[in-house]
Amino acid sequence: MKLSKTSLTGLLVAAGLSTAQAQTVVHITGSTAFRAATVNAITHILKPGFTYGYAGTSFTGANQAIFTGTTITNSIPVIIKTSWTGSVAGVQTVSQQLPVSTWLTNTTPQSVSGTPGAPAVYDSPAVPEVDMDDGVQSTTPFPTPVLVAQNVGAVCFKWVASKGAPAGLTNMTPNTVQALWLNGSLPLALFTGVPADETSSIYAIGRDPDSGTRDTAFSESGVGPFTTVVQYYPTNASGAVISRTAAGPIAGQELVPAETVDGIFFDVGDGGYSSGGDLAVAMEQTTAAIGGYYVTYLGISDSVTALGGGAVELGWNGVRFSDTAVQEGQYTFWAFEHLCYRSNYGTVDANGKTVADLLATQIKNVDAIAAGELLSSMHVTRAIEGGLVTPNY
Amino acid sequence: MASLLVAGSLSLAQGLHAQTVFTYADRDLLLSFRKTGADGGTTGPNDFEVDIGQASIYYGATPGSTVTISQYSTSQLAGAFDSINDLSWSVGGCVPVGDTGSPSVALKTLWITSPRYLDPSIPGDVWVRNSSYTQGGTSAKMSSILNNGVFYSGTVPADPNYNTAHAIAVPVGSDHEYGYYMGAAGNYGNTFQGNVENTTPAGFTTNDAPSRSDLYELDPDATGTQPAGTHLGYFELRTDGSMVFVAGSTSTPPPAPKLSLTVTTALNTISFASTVGATYTLYYTNSAGLSAPTATWPAWPVTLTGDGTVQSFQVVSTDANRFYRVSAH
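In the order they appear, the protein sequences are chains G and C.
Here the first sequence stands for residues 1 to 393, where the numbers follow the working numbering.
Here the second sequence stands for residues 394 to 722, where the numbers follow the working numbering.
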């Protein structure tokens, strides 16, 4: 009798472990420029009835989200958590197994229609398994250990001027981008060709070095992904940096203070916004207080936000963004997006890897359109961000 | 003070890297070495970068004085390359955007070398001052070299020779090396007006001539006339790998003097047409010392200051043969 009790207890413990092991959790991090495509794809690989919640008010712009459901293919019960830290940071955290501290807890309010306003209550820090990378790992400061990377689409970007920019400011070139970001500012006349604009300025504003958008912008323009640049922060009347949580109007500006990102020191001016969403909000502000205008680089999703708020889209080498211009090679401000995980992921968590592969396929076949172009629509290719664009036929 | 509230996303990130050993401060000058093979010599696997301290050490030096570059040793340099023949080197520094030092030196001021290509006694090209925006490009490249040196230092273990507080060796081909930002043309990635690198000749270690490069201070110019920069002196890489800086007048360096020699019994008179303000130093040796590098020749204890007239050193010598050279700075 006594032996039987002991055996029963043992069986219950074993069953509990089995249940815990069956719950697959996938942590996804990386590109803010590609988050809209990724979260859309997540909703498309889960069976109807799944629930989700997210931080803030914008589902596709949320820095964190949680999804609970079962995959349509293979019927894998899964919790998927996203926390977007930037493409470069994503490469670092996944390849080098560094924990991220902003995963929404399982008790986050969720519903089948999506529950906004998730409280900032997080799990204990956990290492992400999956990264969305704008480009290739070798161009980041973290080229090893080499991750398994699946090309899932072309992520596209735009040069954008701040609200109220003059009509003559229409285009960026490698020369103006390099001169602007190496100096931090340039006379407006270099962009408009109007002598009277020599007394007005264009200021550089942008992302921090965790960002794949920055990496692509500086690779594409010839600045160089590791070159020290000069960027500003716009500030409001309280002295806070303009963001989604610190409203405008702009009352002044400052050089981005020196900071340490990923354990790396970045000098005064070399840092920037950690979120494309916050940067987009800054571009919606008028800039009379600084005696000039801002120019920046944004992913498609964030550019929609900024342009909707009054920012101005610029061309690149005289060409405006369009799907056709990207697909045929006239517009070159884009990179291939990669879904990445460690080579041993299938060994560590076979179901997790299957979910990641399902997600990659879904993005590649359908949802990449939210951040750029489907691979199947591209008639050009390139080996690396900033590399030569050539026909793929 | 502005602030940006962002939810913390990374933790323990600093634990990823080894301790950063190599550091710098704004306005430090960076001495950089590399072997590109461009002149037919060998190539080096690493660039060797040395922080030689604040620019004020050099622009504040008393004219005629010598500053020994002590932030690296000859053994460190020798170990970094297969030899110091065909070795390219430069010195550069700037006042970067965001600098909070004395405003008496303007933002985007550059300190930068001009190589003496053929004859170490003949000054190199006179660098001119350009606009703040033009010099800003070079300033950014200089900052990039320093910041990437610091980054690389944090990715490798400390090393008593090649990852120290003042010196770092960075692999060629890395996006973090000096050469990546300097470019093949030695002009800071096409942001500067000319080649700032000097390259030692194939027989450098066995001949008697040092490798010299003039140091210029280039304050940003707002006139658009590209006036000449201020000559501060010259760096001298000696054949044993050591380096000194010889402070000069704050004008264009004087031309090398053309010497004439008269001998009256034991009295040797070395004469030359002098340049106003230049300082002349006499060096000498005898037949036994002729094979030694000229940099090791003894200096005569008396120097002369040029006044535009013919000036002379007078030396009593009992050597059967005596050889002289006169430096001007």
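Keep in mind that the hints were calculated from the coordinates and are not lab data.
Just so it is clear, the structure is predicted and the values come from calculations on it, not from any experiment.
Any given hint might turn out to be false.
Examples of chain C residues toward chain G, derived with CB under 8 Å [stated by the list, open to error]: (1) Gly491; (2) Val519; (3) Ser536; (4) Asn540.
Sample of chain G residues lacking proximity to chain C, with all beta carbon distances greater than 12 Å (derived) [stated by the list, open to error]: (5) Pro48; (6) Asn171; (7) Gln178; (8) Val256; (9) Val348; (10) Thr361; (11) Met378; (12) Ala383.
Backbone N, C-alpha and C fix where the C-beta goes; we use that ideal spot for every residue, glycine too.
Exercise. Compare the structure with the hints numbered earlier in the document and write down the numbers of the violated ones, lowest to highest.
Key: Going through the list in order, the structure violates hints 2, 7, 8 and respects the others.
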